[in-house]
Every structure is written in C-alpha cells, then in structure tokens.
Amino acid sequence: MKQHQETLTVSPEGRGLHEITPRVAEAVRRAGITTGLCLVFIRHTSASLVIQENADPSARRDLERWFEKAAPDGDPDHEHTAEGPDDMPSHIRSALTSTSEQIPVVDGKLGLGTWQGLYLFEHRRRPGSRKLIVHVWGE
Amino acid sequence: MKQHQETLTVSPEGRGLHEITPRVAEAVRRAGITTGLCLVFIRHTSASLVIQENADPSARRDLERWFEKAAPDGDPDHEHTAEGPDDMPSHIRSALTSTSEQIPVVDGKLGLGTWQGLYLFEHRRRPGSRKLIVHVWGE
Amino acid sequence: MKQHQETLTVSPEGRGLHEITPRVAEAVRRAGITTGLCLVFIRHTSASLVIQENADPSARRDLERWFEKAAPDGDPDHEHTAEGPDDMPSHIRSALTSTSEQIPVVDGKLGLGTWQGLYLFEHRRRPGSRKLIVHVWGE
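Residue numbers (the working numbering), protein chains in the order written: chain A, 1 to 139; chain B, 1 to 139; chain C, 1 to 139.
No lab work stands behind these hints, which were simulated from the structure alone.
Certain hints may be false.
Identical copies carry no separate label here, and so any pair may be met within one copy or between two of them.
Unchecked claim - Capping the alpha-carbon separation at 25 Å, the derived lysine to any residue pairs in SDA-like fashion look like this:
#1 2 to 82
#2 69 to 84
#3 131 to 107
#4 2 to 126
Just chain A, same shape as in the assembly (with noise of 0.2 Å):
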C-alpha cells in the first residue's frame, strides 16, 4: 500500500454549497491509486464538509434554508459574537455536518454514488481561503 497527501486551497465567493469533487477528482487521480481511499480534511470550524445531491441546486438551497432557520445568525442565545453575527452559527452548523469526509477509490476513481457530490460548506458571509488536505491510500 502506498499513499499520496496534498493540501488544496478553495476560495468560496460566500456562504453555502461549493462543489469540491472535481477538485478531489484531480488529486485522486495524481496519487495513481486504483482501489483505496481518500480522505478530505478542512483545517477550519466555520466551513464543513458535506455529500450531496448532485443534480437539482434546489436541493443545495433547501437545505442551507434548514440550517439558516435552525441555527440563525445573531441568535441572541450567543455570547460568541466578536467576529460577527454569522460567526456562532458557523461553528454550530460546522458540528452538525462534517470536519472530514471518506470516499472510497473504485478502478482509480471517486466511487461516488451517480447522484453524490463533495462539497465545502461555507458558513461565513465573507469568507478567506480555506485550506483542505486530501490524504489518498491504497494500491
């Protein structure tokens, strides 16, 4: 077994769903592996990971409606407020979904499901770069 670790770097325009898999595709593809895994790790707590439908962005906007209603911004619950309104509901809504995600690799491939996509979840309203290491084994 052998095993290929790369860092990318994503730079979401703002909050919400950005898809990430041809991105991680890419990087699959460079580690020559034919059948193993491949990790995604995000280095930070008010951006995630999640898998998701693919194919209608209606489902995409559904559900960053779910988590606007069910962790909003300036929930006067937070004490947590220096960096911003939209700064608590981050990290709640980055505990919710995932820090990491595993995919496993089918004849050199993501072997996603046909209706599955990767993506970064950003939670911030004006995000920075985000930083994601993509830690590919197998043989």
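Position chains B and C against the provided structure of chain A, taking the given hints into account.
Relative to chain A, chains B and C alone:
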C-alpha cells in the same frame, strides 16, 4: 498492510434504522485482517449511516421521532419536492448524520463498544435497494 | 505503510466539551509516523467527538446551549427514559455529531488548523469513564 473492498446491497423495508452490524462483521471476517480499520460508505444522499444504541428499540424510535420533528415531511419551505414530500427531508437527515463510518478492527473483529450497533438510516418511505462499500485495511 | 493502535481512557467530570487534542497528539508521537492519518473512535453512544474552535471558551458554551435547546433533557416525546432525562438527548446529540474523527498526520504531527481542537463531547450529566481507540497509520 493489506486491504479488502467489497460492495453490500441492503434492501430496507421502509424509513428508519436498520441494523447492518452483522453484514459488516462478515465482510471484516472475509478481509482476514487482525488489526486495522473498517470504513462503510453509503452511495446515496437520501439514506445515511449512524452508530447508535443497540439494546432498547425505544431509543431508535425516539431518534426517528426527533428527526421527524426537526425535518418534517412536506415542509412548505422546501422547493425541492419533485420526488415527494419525504425527498428533501431525506437530504437534510443525511447531512446531519453520516455518509461514512469508520470502526477499528481489533483482534479480527469490529471494535464497537458493548452498546454500539451500526445502522443504515433509511429516510425514504418507499426506498429502493441501497449500495454500500465496505473497505477494510490493516494487517 | 505501518500502523499503531491504542486505547485511551478519558474521565470527563460532567456534560460538555473536553479537549483531548494533547492526549491524541501523544499517541501520534508514540506511533512514530511522519505522514499518514489518525482516527479517533469513541466506544459509546452517549458521548461523541467534535472538532471545534479551541480559542474562545464562549464558542463551546454556545454550542452546548444550542444542543440543550435542540434536544432538551426530559423531552416528553421520549419513550427511552429508563436511564434518566439526559439519556435519550445523549443519543440524539451523538447522532448529530461524530463517533469518529480523522485527522491527517503531517510532519509527524496532527495536521489540525490553527483554531481547531479535538473534543470529547460528553452528553451525560454524571458520566463514567470513556474508552477511545486511536489508530494511526502511514509512513
């Protein structure tokens, strides 16, 4: 280190938690690995995975009831309704739980705690069959 | 590639987020791996894992407050109450967060972002000790 990858097909009868621990334990036996890790990945976005209490069925019923209230079918907020009132709630439930779970392999067996079971969490009321990838690696 | 597996016992004093980054970092040092991955798995369903902001304690308090409102103790909807009013909320919180977390190992250390810490998220008010498995693999 060596690895073993296989696909499991599970056919849940309806919405809810369906235990798959024995199916995954068999895959670990077939892998012939004593110490390592087991990843289970579900290739869908309207069913997910969760590790939950395996003793009292009332815990699973309460968990389902929580999700029914948190992401109700037919929510008028949803745009994405073409596949029925339980479609978008399925995606939300999937985002809140897990597309993959990892379990250590200890002494050739799944290293789950005494009260832990691995469940396919089916979110659709009339599901089709579900494909999972089990990947085991170690020594 | 080589691997290292060990068990950690953590004794949280009560409900809430308990940082375990230093404990896991020590296990990574013991593994003697320069580039690879670290999995942490918790063998319980009433405590879980979460990667959160490690700087301002108010972020952790706000996160706990969110869960106290989303899955309140003593919810009259719950059937599963034999072990007390905080038992079923513990299972719900565990389902919404993570049973395992993976962190890349970079230059022999946990590749966390600057503001990330790994926490045991204890959900019971009077917890016993908790068992975690740390598995590190790579080169």
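Consistency of the hints with the structure:
no.: 1; hint: 2 to 82; result: neither (44 Å within a copy, 44 Å between copies)
no.: 2; hint: 69 to 84; result: both (18 Å within a copy, 22 Å between copies)
no.: 3; hint: 131 to 107; result: between (27 Å within a copy, 17 Å between copies)
no.: 4; hint: 2 to 126; result: neither (38 Å within a copy, 42 Å between copies)
Violated hints, in rising order: 1 and 4; the structure is consistent with all others.
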